[in-house]
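Engineer: So the chains spell out like this:
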Amino acid sequence: MATSTTATGRAAGPRPAGTADPGPTPRRQRLRTLLYRLDSKGSPYLLVAPFFLVFAAFGLYPLLYTGWLSLHKVSLYNVNNSQWVGLQNYSDLFSGSLSRFFWNALGNTLTLGLLSTVPQLVMALGLAHLLNYKLRGRTFLRTALLAPYATSVAAATLVFALIFSPEGGMANWVLHLFGIGPLNWEAGHWSSQFAIALIVTWRWTGYNALIYLAAMQAVPGDLYEAAAIDGANRLRQFWHVTVPALRPTILFTAVVSTIGATQLFGEPFLFGGQSGHQGGADNQYETLGVLMYDQGFRHSMLGRASAIAWSMFALLLLLGLVNTLIARRLRRD
Amino acid sequence: MTDRQRTRRAGRTHHAGPVTYLVLGLVAVASLFPLYWTLVAASSDAHRVVQSPPPLLPGSNLFKNLAYVWHNAGGRGMGVALLNSTLVAGSVTIGTVAFSLLAGFAFAKLRFAGRGVLMGLVVATLAVPAQLSVVPLFILMKRLGLANHLTALILPTLVTAFGVFFMRQFLVQALPTELLEAARTDGANSLRIVWHVVVPIARPAMAVLGMLTFVQSWNDFLWPIIAMNGATNPTVQVALAGLGTGWSTDWSVIMAGALIGTLPLLLVFLLFGRHIVGGITQGAVKG
Chain A
1 MATSTTATGR AAGPRPAGTA DPGPTPRRQR LRTLLYRLDS KGSPYLLVAP
51 FFLVFAAFGL YPLLYTGWLS LHKVSLYNVN NSQWVGLQNY SDLFSGSLSR
101 FFWNALGNTL TLGLLSTVPQ LVMALGLAHL LNYKLRGRTF LRTALLAPYA
151 TSVAAATLVF ALIFSPEGGM ANWVLHLFGI GPLNWEAGHW SSQFAIALIV
201 TWRWTGYNAL IYLAAMQAVP GDLYEAAAID GANRLRQFWH VTVPALRPTI
251 LFTAVVSTIG ATQLFGEPFL FGGQSGHQGG ADNQYETLGV LMYDQGFRHS
301 MLGRASAIAW SMFALLLLLG LVNTLIARRL RRD
Chain B
1 MTDRQRTRRA GRTHHAGPVT YLVLGLVAVA SLFPLYWTLV AASSDAHRVV
51 QSPPPLLPGS NLFKNLAYVW HNAGGRGMGV ALLNSTLVAG SVTIGTVAFS
101 LLAGFAFAKL RFAGRGVLMG LVVATLAVPA QLSVVPLFIL MKRLGLANHL
151 TALILPTLVT AFGVFFMRQF LVQALPTELL EAARTDGANS LRIVWHVVVP
201 IARPAMAVLG MLTFVQSWND FLWPIIAMNG ATNPTVQVAL AGLGTGWSTD
251 WSVIMAGALI GTLPLLLVFL LFGRHIVGGI TQGAVKG
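Just so you know, the sequences run in chain order A and B.
333 is the number that full-length UniProt numbering gives the last residue of the first sequence; the numbers go up by one with no jumps.
287 is the number that full-length UniProt numbering gives the last residue of the second sequence; the numbers go up by one with no jumps.
Same shape as in the complex, but just chain A (with noise of 0.2 Å):
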């Protein structure tokens, strides 16, 4: 790839311009045409050269080197000086003096991505069907469903910890209109995780839902009318035309779900707030990314924060397995 690079660095140059120039020698037209068979052969190479260098530089060996650094006892202080230790970071998570935490924050991420995804998607699902709707104000609409995703996770966080605070937030008010006693939202298991799961989906349900309706108008009116032609009402329209015809974007945005739920952070970091427990002070919103940044970057085991790095991505692998699985038999029945 490099010699092809240098070449077409001089391809590139400075060469006879137009073709209007009378006659070229044999010679000129031999040198025009090794230079035009250098650019084409080479230059596809250069153009996606940048890619491939970040990616290798910033994307592959921090990743190989993620797994090489998960055998090893780094400290964030002196990471020059690495002591092998074999998979001693994975027993002591699996097994060993961080089992607790580590089950407990693969517990919360996988029952905190399932509550912050499944009903997302499917409010999506609904709010696409209804956009597609003939409407006044539309893009109004649009524009006001996709504001939240345009807000940041540190800003969305903040105020929803301001709402569910249990001195004068919103939600408590709200729930004392209807008699219902205050809550300590952050403190409780289930209050915790439903909280920073509505923050995941108020971020991320308009978003869902314009791509939905996006693949719903490009589903061809005729499907409709054969439908509406043998009897079936909207809703079966719905069941047996629309989803059915969407089913490679639901794939796509439930795939993308998954990744962005095992990689939670934000939420869970930011949501005790003043606190200073990021997690929760029982750990009950613990996700295995707060973990791998509690190990690394406050307790500086940097070969322990690897390992659960390498863990979230065996995870993600299975989801991923679990997903296409779950595709295949849909698209079986």
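The set of hints was computed from the structure by calculation and includes no laboratory data.
Being a predicted model, the structure only gives us computed values, none of them experimental.
Don't be surprised by glycine CBs; every beta carbon is placed ideally from N, CA and C.
There may be inaccurate statements among the hints.
Short, incomplete list of chain B residues facing chain A, as computed with Cβ under 10 Å [to be verified]:
#1 ALA41
#2 LYS64
#3 ALA67
#4 ALA113
#5 ALA127
#6 PHE138
#7 ILE226
#8 VAL238
#9 ALA241
#10 GLY257
Now the in silico label distances, taken between C-beta atoms and shown as ranges [as the list claims (entries may be wrong)]:
#11 LEU64/A / PRO55/B: 49 to 57 Å
#12 LEU34/A / ASN229/B: 49 to 57 Å
#13 LEU330/A / LEU126/B: 15 to 23 Å
Example chain A residues on the side facing chain B (calculated, C-beta under 10 Å, incomplete) [said to hold, decoys possible]:
#14 LEU46
#15 GLY59
#16 LYS134
For this one, chain A is given, so just place chain B on it according to the hints.
Structural biologist: Frame of chain A; chain B shown alone:
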């Protein structure tokens, strides 16, 4: 309007009923309320923000709170953080759009050995989250002497698999192969072709990718709080994290920070929201 679109419209004359409007209206309110509440809280003071019943209209403290976080939040103030975030997100956006365009063009329209394998690699890396690599990335940046430098935030996302994929999907359809062949016959080399043929056609997709990238980079969280650990040189998100985890106990001040951090994007969004909506749907459906 094409014929197909006309049939679709003809088959879809259903107007929305009152229930549809009611549901969508409620969802719009739910989407916008937390943002409005940020404004109300940011314009209150420490007591008003947590009073019961909650105040529903903005208070009179907005500029006092804004000025305070502008100078004080996150070590060097929200002002510096805004500048830093703008620099980072701006550089990342320019890099991603330019490099994605080049690679996307090559994958869409040029024939070369190994194209299929390399494109497969791009698609495979789409699914690998960058979060998994933060530990070695931190070590790498420390060795390069870039920890706590904005460069550490720019380099890793200078071009993304998503960008390459997005551009490829757009150019496969939008760029006529005959046009490229004509340009080649006229003796144009690859650089001239990119500049004079590909860029003019790709301009709308470049704008959309640019906006998506800017939003994503501006809102990036985990890597900045690791790389900018010292908080002497924060981005908006780092400053907000510091603000929300103990630096201040006054909710109205915290919300003023959140407001400053959110407003620039909301502004971009109000101006170009329509295109962003188009871009999101375009990228997803073709993928």
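Engineer: Next, verify each hint and record whether it holds.
Structural biologist: For each hint, the structure was consulted:
Nearest Cβ of chain A to the Cβ of ALA41/B: about 6 Å, under the 10 Å cut. The hint holds. The restraint placing LYS64/B at the interface with chain A is violated, with a minimum CB-CB distance near 18 Å, outside the 10 Å limit. At a threshold of 10 Å, the smallest CB-CB gap from ALA67/B to chain A is about 19 Å, leaving the interface hint violated. A least Cβ separation of about 9 Å between ALA113/B and chain A falls short of the 10 Å threshold, and the interface hint therefore holds.
Contact between ALA127/B and chain A, as hinted, is supported at the beta carbon level, the nearest pair being about 6 Å apart and thus within 10 Å. Against a cut-off of 10 Å between C-beta atoms, the interface hint on PHE138/B holds, since the closest Cβ of chain A lies about 8 Å away. For the restraint placing ILE226/B at the interface with chain A, the shortest Cβ-Cβ distance is roughly 6 Å, inside the 10 Å limit, so the hint holds. Residue-level restraint check for VAL238/B holds (minimum Cβ-Cβ distance to chain A is 9 Å; threshold 10 Å).
The beta carbon of ALA241/B comes within 6 Å of a beta carbon in chain A, closer than 10 Å, and the hint placing it at the interface holds. About 8 Å separates the beta-carbon of GLY257/B from the nearest beta-carbon of chain A, less than 10 Å, and the hint is met. About 54 Å separates the C-beta atoms of LEU64/A and PRO55/B, a value consistent with the hinted range of 49 to 57 Å. The hinted range of 49 to 57 Å is satisfied by LEU34/A and ASN229/B, whose Cβ atoms lie roughly 54 Å apart.
Taking the beta carbon of each, LEU330/A and LEU126/B are about 22 Å apart, inside 15 to 23 Å as hinted. A hinted interface residue such as LEU46/A counts as satisfied when its beta carbon comes closer than 10 Å to some beta carbon of chain B; here the least separation is about 8 Å, so the hint holds. With its C-beta approaching chain B no nearer than about 6 Å, GLY59/A sits inside the 10 Å limit, and its interface hint holds. Taking 10 Å as the C-beta cut-off, the interface hint given for LYS134/A holds, the closest approach to chain B being about 5 Å.
Of the numbered hints stated above, those contradicted by the structure are hints 2, 3, listed in ascending order.
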